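*Asks:* Residues per chain are reported as follows:
There are 2 protein chains.
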Amino acid sequence: MKKVIKGYSYTFSAENQPAAYAASGETLTFETLDCFSGLINSATDLTCDFNYNSANPATGPVYVENAEPGDLLMVEILDIRTVAAGVVTTIPGCGPLHETQEHRTKPLQIINGMVQFNGMAFPADPMVGVIGVAPADQPVPCGFPGAHGGNMDCKKIRKGTTLYFPVQVVGALFALGDLHAVMGDGELCGTGLEIAGEVDVKLTLLQGNGERWPVLETSDSWFAIANAAEYPAALKSASEQIQTLISQAYGWDLTDTYLYMSLQSDVEICQACKPCPVDLIVRVSAPKLNNIPLITRKAK
Amino acid sequence: MKKVIKGYSYTFSAENQPAAYAASGETLTFETLDCFSGLINSATDLTCDFNYNSANPATGPVYVENAEPGDLLMVEILDIRTVAAGVVTTIPGCGPLHETQEHRTKPLQIINGMVQFNGMAFPADPMVGVIGVAPADQPVPCGFPGAHGGNMDCKKIRKGTTLYFPVQVVGALFALGDLHAVMGDGELCGTGLEIAGEVDVKLTLLQGNGERWPVLETSDSWFAIANAAEYPAALKSASEQIQTLISQAYGWDLTDTYLYMSLQSDVEICQACKPCPVDLIVRVSAPKLNNIPLITRKAK
Chain A
1 MKKVIKGYSY
11 TFSAENQPAA
21 YAASGETLTF
31 ETLDCFSGLI
41 NSATDLTCDF
51 NYNSANPATG
61 PVYVENAEPG
71 DLLMVEILDI
81 RTVAAGVVTT
91 IPGCGPLHET
101 QEHRTKPLQI
111 INGMVQFNGM
121 AFPADPMVGV
131 IGVAPADQPV
141 PCGFPGAHGG
151 NMDCKKIRKG
161 TTLYFPVQVV
171 GALFALGDLH
181 AVMGDGELCG
191 TGLEIAGEVD
201 VKLTLLQGNG
211 ERWPVLETSD
221 SWFAIANAAE
231 YPAALKSASE
241 QIQTLISQAY
251 GWDLTDTYLY
261 MSLQSDVEIC
271 QACKPCPVDL
281 IVRVSAPKLN
291 NIPLITRKAK
Chain B
1 MKKVIKGYSY
11 TFSAENQPAA
21 YAASGETLTF
31 ETLDCFSGLI
41 NSATDLTCDF
51 NYNSANPATG
61 PVYVENAEPG
71 DLLMVEILDI
81 RTVAAGVVTT
91 IPGCGPLHET
101 QEHRTKPLQI
111 INGMVQFNGM
121 AFPADPMVGV
131 IGVAPADQPV
141 PCGFPGAHGG
151 NMDCKKIRKG
161 TTLYFPVQVV
171 GALFALGDLH
181 AVMGDGELCG
191 TGLEIAGEVD
201 VKLTLLQGNG
211 ERWPVLETSD
221 SWFAIANAAE
231 YPAALKSASE
241 QIQTLISQAY
251 GWDLTDTYLY
261 MSLQSDVEIC
271 QACKPCPVDL
281 IVRVSAPKLN
291 NIPLITRKAK
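Those protein sequence lines, which keep their order, are chains A and B. The first sequence begins at 1 in the working numbering and counts up one residue at a time. The second sequence begins at 1 in the working numbering and counts up one residue at a time.
FYI, nobody ran anything at the bench for these hints, they're computed from the structure. Check before you lean on any hint, since a few could be wrong.
Copies of the same chain look alike in the list, so a pair counts if it fits in one copy or across any two.
Below, in silico cross-link-like pairs of lysine-lysine (DSS-like), each with a Cα-Cα straight-line distance of 25 Å or less [to be verified]: (1) Lys236 / Lys106; (2) Lys288 / Lys106; (3) Lys159 / Lys298; (4) Lys156 / Lys236; (5) Lys288 / Lys156; (6) Lys202 / Lys288; (7) Lys236 / Lys300; (8) Lys202 / Lys156; (9) Lys159 / Lys236.
Computed from a predicted model, the values in this text were never measured in an experiment.
Model the full structure from these sequences, guided by the hints.
*Replies:* Structure (structure tokens):
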């Protein structure tokens with residue numbers, strides 16, 4: 001029988017009470033609200049009171065049995081199903097073009113997998129915006145990212161990909177929410193096609209190896225994802241994490257790894273909607289050269 | 001008979017003497033040195049004296065007949081051919097991981113289209129690093145980017161793509177150089193696989209429409225490319241340029257265009273090797289929705 005997770009929270013916190021318990025290897029279905037908790041639906045529902053501290057409800061948390069700090073939680077995104085309608089909205093003061101924006105909410109329909117926009121249509125490509133584990137330190141509102149994950153806003157977190165989170169607290173306290181039916185890299189105005197839905201994931205505990213940031217695996221690449229108040233620091237953290245993984249996996253020193261990265265890694269942007277208060281989020285890639293894994297799936 | 005361009009310069013400048021003259025619609029072949037002018041070839045040739053003001057020789061400039069400020073110069077990249085060997089090198093103080101790098105030059109061979117690296121191999125993907133027209137104002141050394149193009153270091157400038165440069169001086173004074181046999185988005189350590197070669201381009205003069213930054217067209221997308229000392233300003237300029245083009249082409253107001261961009265544009269990085277003195281370079285995309293062109297090819 002399908003195990004469905006329904007409770008939600010507006011923070012990632014070691015203090016949150018578990019909504020459910022799961023064993024390593026279990027598959028779960030998360031029912032998720034949209035980032036506005038369902039309160040913004042029509043063109044007259046504006047985001048006047050948008051507050052990053054009470055946005056992006058994350059369903060969970062799930063207490064993963066035997067999870068301890070230093071483990072890695074492997075999260076396989078098995079499926080994402082959204083409802084057929086959502087909204088994209090401006091948010092005051094959000095994104096590089098906010099100075100010329102009017103305050104607007106645009107409801108959009110999805111028909112046969114195609115997003116309808118001003119009489120045109122483009123493919124939906126559902127992704128998970130908020131996903132992660134509880135941080136060891138202070139609670140982090142779900143609107144913000146961190147080494148624990150959170151509001152990662154990475155459009156590559158879609159069906160068929162796998163995430164690896166360094167566990168920070170006993171039980172991991174995994175949660176997810178904030179689906180987007182489609183979003184561009186950068187999420188320029190601060191919202192994707194915000195929408196409710198369901199996500200099927202498989203959670204597996206692995207042995208950690210000192211990873212500091214979330215790592216994403218797709219069919220052809222690995223990515224390290226990191227955030228900071230400004231771009232240079234986010235780039236440095238994501239670059240260091242993928243450099244460490246490549247160096248360990250291929251046995252190259254840091255300089256050879258760096259030269260290789262300059263030829264084969266891509267620097268990419270997850271979120272770029274500053275001057276909003278949310279950090280800048282960068283991912284740095286490494287292709288699956290010779291299929292040597294950057295993270296080995298050693299069960300805990 | 002093939003028209004071959006051979007002279008080169010270390011600046012983009014309105015004062016440079018033309019290496020050749022061309023009519024709109026002509027196809028030319030540019031013979032290019034590598035970014036080190038052929039001086040760095042073996043593991044013992046280090047980049048100790050690297051100087052951004054005397055790097056990246058650009059072949060040309062070509063004076064395009066009838067070109068005037070306000071025109072657009074369309075540059076179709078018909079082919080890129082490299083020699084079979086090049087180098088990737090660290091550069092002191094360059095890139096987010098420079099603090100842990102040793103000073104190293106790594107010569108690399110290309111065999112059957114595959115770059116050989118520490119006993120492994122990955123595909124070459126030749127691109128043009130330096131390409132542009134003369135700026136109206138002060139000369140710009142070829143190591144630096146600007147609204148005139150220059151050291152754009154955008155890996156999407158490959159065979160089959162088309163660039164559009166706002167012409168700034170009479171004759172345009174187009175030049176290119178600095179081929180990379182392969183390079184990742186970001187060019188993290190500051191060099192790609194630096195290599196000599198030849199590039200075939202077709203140059204065509206179009207009517208401009210107030211474009212401020214170089215625009216790139218691929219088979220499926222458009223991109224605006226902009227640079228600045230820091231990431232937020234580069235992102236803003238590239239976002240504004242693509243917003244203007246989308247708004248004009250689709251007849252949407254700026255806010256609808258912004259919402260659309262948040263769903264469908266990708267923020268991408270061309271170059272990210274600060275703290276070197278070179279600007280940060282960002283590109284922002286727009287897919288070819290309904291095949292409505294963002295720049296119409298109206299001949300001048």
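*Asks:* Would you list, in rising numerical order, the hints stated earlier that this structure does not obey?
*Replies:* As far as the earlier hints go, 7, 9 are violated by this structure, in ascending order.
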